[in-house]
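Protein chains in written order, with my numbering: chain A, 307 to 421; chain B, 1441 to 1552.
These are calculated hints, taken from the structure and not from any lab test.
Don't take every hint at face value.
Said to hold, decoys possible - Here are the simulated SDA-like pairs of lysine to any residue, each with C-alpha atoms no more than 25 angstroms apart in a straight line: (1) B/K1509 / A/D394; (2) A/K348 / B/K1492; (3) B/K1551 / B/R1508; (4) A/K347 / B/L1520; (5) A/K347 / B/D1522; (6) A/K348 / B/N1470; (7) A/K348 / A/F373; (8) A/K370 / B/F1542; (9) B/K1539 / B/A1442; (10) B/K1443 / A/T363; (11) A/K320 / A/F397; (12) A/K348 / B/S1549; (13) B/K1539 / A/P414; (14) B/K1494 / A/R404; (15) A/K347 / B/E1454; (16) A/K372 / A/D394; (17) B/K1443 / A/R404; (18) A/K348 / B/P1480; (19) A/K347 / B/T1512; (20) B/K1492 / B/P1480; (21) B/K1539 / A/P346; (22) B/K1539 / A/K320; (23) B/K1509 / B/P1480.
Here is how the chains run, residue by residue.
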Amino acid sequence: GAVVSQHPSRVICKSGTSVKIECRSLDFQATTMFWYRQFPKKSLMLMATSNEGSKATYEQGVEKDKFLINHASLTLSTLTVTSAHPEDSSFYICSAPRRTYNEQFFGPGTRLTVL
Amino acid sequence: LAKTTQPISMDSYEGQEVNITCSHNNIATNDYITWYQQFPSQGPRFIIQGYKTKVTNEVASLFIPADRKSSTLSLPRVSLSDTAVYYCLVGGLGNQGGKLIFGQGTELSVKP
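Pulled out of the complex, with its shape left as it was, chain B reads as follows (with noise of 0.2 angstroms):
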């Protein structure tokens, strides 16, 4: 399973366009791209997901370049509320079942 790089942490302040970037280098044909947001004591809750160019939901979007060694969430106009840790993942049903190895996360503060 592919490795993930994220930055640990990241500021913001409310309102402003926040993109954090995900390097995995190591991603398999068959592997999608899904973010994760993870509030405190609760379980990882599902933003985004993409395999290649450019996907967008009522939350973000996400970027995916040509070669696919790398993705960028991004938050349009973030709130308090979205201060959370994001999670980058790489996997898919067709790699080991589904299996998701998780890495340390990027924790995002959202200031007022």
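The shape of chain A in the complex, shown without the other chains (with noise of 0.2 angstroms):
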């Protein structure tokens, strides 16, 4: 079946480094994916719609220079959190919808922790 995959799945960094996680479809073309986070026992937050080829879409409340999306290909998406602090710490998970089957995928899961 369909995958998407997350990379890495787990990143401990200090207060004012940028993180990149990657988020890919393996078997099928994403032209859209879509950011979410999630806090300990809340549910998935939507960050933001990345497109292939334009500018992401920010969901309101989320800042557009501290969260970087690039769309580079029909499979990668990347979501860059810039000089992250210690309230970025949290769960972020992408999702890539396959259009023959009006079905979307969800990748595992990057566990982000900032000392």
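Hints given; two lone chains; assemble the complex.
Laid out in structure tokens, this is it:
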């Protein structure tokens, strides 16, 4: 079946550094991908829509300069958390819809811990 | 995008049938109803999807009434491994490119 992968699965960094998270659709092309953030015991919160070949669309309240999104190809979207701070520590999940089946596949998530 | 409402939590015992109902009063004509399962520290996993009436697969059934303003996920005989959070989502490729907004989900706890 269709698979979406994320890399890395977990990352620990110092405050002030930038962290890049990759999301790949492994056996289908995705012109659109979505990025979510999830805090402990909470639901997924949509951050932004990643669009291949154009700018990402951010949800209200999400800082676009803080969370840089690049959708460089039909199978890869990256989320860069710039100048990370402890409050950015969270579980980041991406998803990609597969057009043929009107189905959305989620990545396994990336646990970010900022010290 | 339509908002969804589900019970926050449910308890069950192994071997029982569990039914989780979700309301989505503002569902659009081109929206599908999809249920996902999520375990801690994992991404959501697709369970079942439907548009109307009843859909059944190897793990669950989905019941959708004619007005489509609600849906019920039925897990036939739950086991301890079905303890997870279940999300009902409404949307589709024809609606903002497949954008999905998660509600609070239902935390299902299965006891021995």
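These are the hints, each one checked on the structure:
In summary, the hint linking B/K1509 to A/D394 is not supported, as the alpha carbons are separated by about 36 angstroms, beyond the 25 angstroms threshold. As the CA atoms of A/K348 and B/K1492 are separated by approximately 29 angstroms, the hinted pair breaks the 25 angstroms bound. Straight-line distance between C-alpha atoms of B/K1551 and B/R1508 comes to about 32 angstroms, which puts the hinted pair past the 25 angstroms bound. Taken as a hint, the A/K347 and B/L1520 pair is honoured in the structure, with Cα atoms around 19 angstroms apart against an allowance of 25 angstroms.
Taking the CA atoms of A/K347 and B/D1522, the gap is near 17 angstroms; set against the 25 angstroms cutoff, the hint holds. For a cut-off of 25 angstroms, the pair hint linking A/K348 to B/N1470 is broken: about 28 angstroms separates their Cα positions. A distance of roughly 20 angstroms separates the Cα atoms of A/K348 and A/F373; the hinted pair therefore holds under the 25 angstroms criterion. A C-alpha spacing of about 21 angstroms is found between A/K370 and B/F1542, which places the hinted pair at or below 25 angstroms, so the restraint holds.
Between B/K1539 and B/A1442 the CA atoms are separated by roughly 11 angstroms; this keeps the pair inside 25 angstroms, and the hint holds. Note on B/K1443 and A/T363: the hinted pairing holds, with a Cα-Cα distance of about 20 angstroms set against a maximum of 25 angstroms. This hinted pair checks out: A/K320 and A/F397 have alpha carbons roughly 17 angstroms apart, not beyond 25 angstroms. Only pairs whose Cα atoms come within 25 angstroms are accepted, and A/K348 paired with B/S1549 is accepted, the gap being roughly 16 angstroms.
Among the hinted pairs, B/K1539 with A/P414 is consistent with the structure: their alpha-carbon atoms are about 18 angstroms apart, no more than 25 angstroms. The straight-line distance between the Cα atoms of B/K1494 and A/R404 is roughly 23 angstroms, inside the 25 angstroms bound, and the hint therefore holds. Of the pairs offered as hints, the one joining A/K347 and B/E1454 holds, with about 24 angstroms between alpha carbons and a cut-off of 25 angstroms not exceeded. Taking the CA atoms of A/K372 and A/D394, the gap is about 10 angstroms. The hint holds against a cut of 25 angstroms.
Of the supplied pair hints, the one linking B/K1443 and A/R404 holds, its CA atoms being roughly 23 angstroms apart against a limit of 25 angstroms. For the proposed pair A/K348 and B/P1480, the alpha carbon gap of about 11 angstroms is at most 25 angstroms, so the pair holds. At roughly 23 angstroms between alpha-carbon atoms, A/K347 and B/T1512 fall within 25 angstroms of each other, so this suggested pair holds. Between B/K1492 and B/P1480 the alpha-carbon distance is near 30 angstroms, which puts this suggested pair outside the 25 angstroms criterion.
Proposed proximity of B/K1539 and A/P346 is supported: the alpha carbons are some 23 angstroms apart, at most 25 angstroms. For the proposed pair B/K1539 and A/K320, the alpha carbon gap of about 33 angstroms is over 25 angstroms, so the pair is violated. A threshold of 25 angstroms between alpha carbons decides the hint, and for B/K1509 with B/P1480 the separation of about 29 angstroms lies outside it, so the pair is violated.
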